[in-house]
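Between the sequences and the hints, there should be enough to build the whole structure, so can you do that?
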Amino acid sequence: DAGVIQSPRHEVTEMGQEVTLRCKPISGHDYLFWYRQTMMRGLELLIYFNNNVPIDDSGMPEDRFSAKMPNASFSTLKIQPSEPRDSAVYFCASSPGTGMNTEAFFGQGTRLTVV
Amino acid sequence: AQKITQTQPGMFVQEKEAVTLDCTYDTSDPSYGLFWYKQPSSGEMIFLIYQGSYDQQNATEGRYSLNFQKARKSANLVISASQLGDSAMYFCAMRDGGGADGLTFGKGTHLIIQP
Numbered sequence: 001d002a003g004v005i006q007s008p009r010h011e012v013t014e015m016g017q018e019v020t021l022r023c024k025p026i027s028g029h030d031y032l033f034w035y036r037q038t039m040m041r042g043l044e045l046l047i048y049f050n051n052n053v054p055i056d057d058s059g060m061p062e063d064r065f066s067a068k069m070p071n072a073s074f075s076t077l078k079i080q081p082s083e084p085r086d087s088a089v090y091f092c093a094s095s096p097g098t099g100m101n102t103e104a105f106f107g108q109g110t111r112l113t114v115v
Numbered sequence: 001a002q003k004i005t006q007t008q009p010g011m012f013v014q015e016k017e018a019v020t021l022d023c024t025y026d027t028s029d030p031s032y033g034l035f036w037y038k039q040p041s042s043g044e045m046i047f048l049i050y051q052g053s054y055d056q057q058n059a060t061e062g063r064y065s066l067n068f069q070k071a072r073k074s075a076n077l078v079i080s081a082s083q084l085g086d087s088a089m090y091f092c093a094m095r096d097g098g099g100a101d102g103l104t105f106g107k108g109t110h111l112i113i114q115p
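So the protein sequences, as listed, match chains A and B.
Here the first sequence stands for residues 1 to 115, numbered as in my numbering.
Here the second sequence stands for residues 1 to 115, numbered as in my numbering.
Honestly, the hints are just simulated from the structure, not real lab data.
Please read these numbers as outputs of a predicted model, since none were measured by experiment.
Possibly wrong hints are sitting among the right ones.
Said to hold, decoys possible - Just the calculated beta-carbon pair ranges, DEER-fashion: (1) N50/A / E17/B: 36 to 46 Å; (2) S31/B / P81/A: 38 to 48 Å; (3) A18/B / M40/A: 41 to 51 Å.
As the list claims (entries may be wrong) - Here are the computed lysine-lysine pairs in the DSS-like style, where the Cα-Cα straight-line distance is at most 30 Å: (4) K78/A / K107/B; (5) K3/B / K107/B; (6) K68/A / K24/A; (7) K3/B / K78/A; (8) K107/B / K70/B; (9) K3/B / K70/B; (10) K16/B / K73/B; (11) K68/A / K70/B; (12) K16/B / K70/B; (13) K78/A / K24/A; (14) K3/B / K73/B; (15) K73/B / K107/B; (16) K70/B / K24/A; (17) K16/B / K107/B; (18) K3/B / K68/A.
Idealized CB from N, CA, C, for every residue including glycine.
See below:
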């Protein structure tokens, strides 16, 4: 299996533009997570899905952020409009099942820079 | 309240020495899981080791072991015979509750192995 695949790996955009980050989870994994990593706040959980349904979006910072999972093999995280403070590394992760010992498998991350 | 605390922002260790990375956690749930991840400079998150709250023995995976002290709520990672390739950020993470939630991460420890 190719693992969790994120695209793009790097994104530079101007403030006010719409940004869409993409994720393909590992086939057969029921859970998909979006995390954001910054120096100041570390790794934060933004939202997660179970069987394509959003379960908890309490970590989404503002209404400018939205996430969708139209099918089991694809998810997007959209920021509209983007702001410089959104600059961070965004990780997508997936995991199978609901066991307490179930690790999360991470993608390579998307480094977003908003100028 | 912070759930995961890593008190060592950075560490320098001589090659071949053993390393202990500290992690304390906070939860009122009797059922929880503790994870350690490695993040090298390339950015990906690599799962290292897992410890369940009901596990009777400390987890081990190759050169990695977990010093789990439940009463103290600590789950320190021990790396034996450190190698230059161990230089990376190390994150402690926890999942509690029903097990279906995302991981909560500590701020990480930057480990540098010196030749």
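**Request:** Could you tell me which of the numbered hints above are not met by this structure, giving the numbers in increasing order?
**Result:** 3, 11, 16
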